[in-house]
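> What follows is the residue order along each chain.
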Amino acid sequence: MTTVEDSPLLRLLRDALARRLRQDGRNASRIDPDSDLIELGLVDSQGLLDMILDAEEGSGQMFDAEGMDFETGVTLRRLAAAFGAPA
Amino acid sequence: MDQCAADNGTVWMTADGENAPPDRGAFSAATLGALFRRSAQLHSARAALWVDGEAVTYGDLFLLASRVAGALVEAGLGDGSARCAVLGSRKLIDFAGVAGASMARCTYVPLNARHPVQRLAQIMRDAEAQAMVVDRNHLAHARAVLEETPHSVLVLLPDSPAAPDWGPDTHHRFLSRDDLPAPCGDAMPPGDPEDGAYLLFTSGSTGMPKGVLVRNRNVMPYLRSVAARYAPRPDDRCTQLFDLTFDLSVHDMFVAWGAGAALYRVPDGARFAPREFVRRHALTMWFSVPSTAATMLGLRALRPGDLPSLRLSLFCGEALPKRLARAWAAAAPDAIIENLYGPTEATIALTAWRLPRAESALDALPEVLPIGRPLPGQAAIAVDTSGQPARDDEEGELCLAGSQVTDGYWRRPELTAQRFVRFAWDDRVWYRTGDRVRNSLNHGLVFLGRLDRQVKISGHRVELQEVEAVLHRAADTNAAAIAWPIGPDGLARGIVGFVGNSSQPDDALLQACRDALPPYAVPSAVRRVDDWPLNNSGKTDHGRLRAMMEAATCSTT
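Just so you know, the protein sequences line up as chains A and B, in that order. For the first sequence, counting from 1, position 82 maps to 81 in numbering that gives the first Met the number 0; every step adds exactly one. For the second sequence, counting from 1, position 275 maps to 274 in numbering that gives the first Met the number 0; every step adds exactly one.
Hint data in this document are derived by calculation from the structure and do not stem from the laboratory. For each residue, glycine too, the CB sits at the ideal point set by N, CA and C. A few of these clues could be false.
Derived CB-CB ranges, DEER-like [as the list claims (entries may be wrong)]:
| no. | chain 1 | residue 1 | chain 2 | residue 2 | range |
| --- | --- | --- | --- | --- | --- |
| 1 | A | D14 | B | H170 | 44 to 52 Å |
| 2 | A | A17 | B | G52 | 46 to 54 Å |
| 3 | A | D14 | B | G75 | 53 to 61 Å |
| 4 | B | A44 | A | D31 | 42 to 50 Å |
| 5 | B | N535 | A | D31 | 47 to 55 Å |
| 6 | B | T384 | A | M61 | 32 to 40 Å |
| 7 | A | G66 | B | D425 | 53 to 61 Å |
| 8 | A | R25 | B | S439 | 41 to 49 Å |
| 9 | B | P412 | A | G83 | 58 to 66 Å |
| 10 | A | R25 | B | A281 | 36 to 44 Å |
Just a few of them, taken from the derived set where beta-carbon distance is under 10 Å, the chain B residues facing chain A [what the hints assert, rightly or not]:
| no. | residue |
| --- | --- |
| 11 | D267 |
| 12 | R270 |
| 13 | A272 |
| 14 | T294 |
Based on the sequences and whatever the hints tell you, model everything.
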């Protein structure tokens, strides 16, 4: 069974974030799946949308905003867990 | 609403007092401080604020704010001429700092803890703020700012048990929680409409942020207009999405507090897509930039019927695309939806336009929705390049007059003289907004774009010259410029830096931007251009840079 930890979705999201950070001139070598991307200032709303769209395109699955509790923090793990139905 | 013909154009004016309520409780106060104090007396047991999972009553917020106010007054800062910075990120202490400074007749100067120290210290120096309120989470940030502040500052720490151990090594004075005087809000000075209410710093085209002092005589007419137009009630629950450095936060706080309503601080993570937050708390009044709705739509968190509790939805800060407004109308079927418009210089918002609900009426509207007509006591007109009122349905620069228009820029008389002008055909002072509009007899004013190089990023004003000044210094070349990609909804999607021949690596250039600019003004990337495009005057050809960005023909390193 594939866990969220090693899921392709987590990798897709991590890669999408890394691409954005590299473009921004920032080091993307260690992005913890449980780091709050907002608190660390790693993405803004547009960046978040772009990451999610990249992951949808790469995975063929749709992000379900209802499956994500934005209030308690936006992490790669939580984002990955909110993908569900086929796109 | 009057339409006065001035030559062939139309001056939209609304008479003072039109729609004015006979008495709207705290909104009839003369100052923000008096408004809050009156509401606290009227609604002591009601929730004033919901922050970090807890409700804070008017009574409790008043006690906290009055201790801040008491310390300011005791320090001799309560004569209406002093300024008090509030450093934080929308925490309880920040709201209490705003209320306390207002009650003490201090002009509050919001400082965003997410902005670079260099910028905050610059604002502290420009504002000559004599005091600063800091919550305990931002002490380290405060230290860095205070180290760069040459004048002595009274630092109030309402939730810190003791002054920081580095305090005695500075030339500043610190008062911790136990040092603050006992609540004495009832004995506060009454305040004067001439007192400064807040001093905000916005992006400046010369590379330095520029300040706008908004007095109580500017902001109270706005609040009274809003109270009359939307009739906020004690049982309303209002969104709080804006940073305190954004003047729309003044609306958030004082519309809610004037009505005795509850202000719900949306947690940072949920600010992207507050659908669940609005639903869980059954919020009734929404206020955001259109970009928030665009993000929700992009995340599929804005579906028909999603927001049934809203009775009012206001948008301001950037152009409102019709497509977004339609989606919002479907999501919030019981809400009145309005598009507000106004620069900081004219106090929060000066015009308003209501979205029609009938589909046929929506169809007839332009793709970017109108900004409507002025609030009571205010005036707006499109002026052509010769300084005359533009003919109806012709383009012109939007100029604003009335009680909400401020006196000018903080200690910048030359800039003030450029933007706050008199015309031969009218004896009032008009603020030239730099916004290009068309005066439509059907819809009122319709926003068309900018006359200069200002761009809105999620509602934040960014003067591109300010970003370019940072890039020029960092890259050590004048061949540096900014362009901004536009998303499918017509809203700006961040900014991109272009640099010609420079030996500085991209990460050094971007770090220089991060050190000097607020996060929304930092380019998302730097692109190298080997053959720097110049126009016939030998200046940077921004049109060609934009074309390069759109065609992605330049090399990225």
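> Looking at the structure, which of the earlier hints fail to hold?
2 and 6
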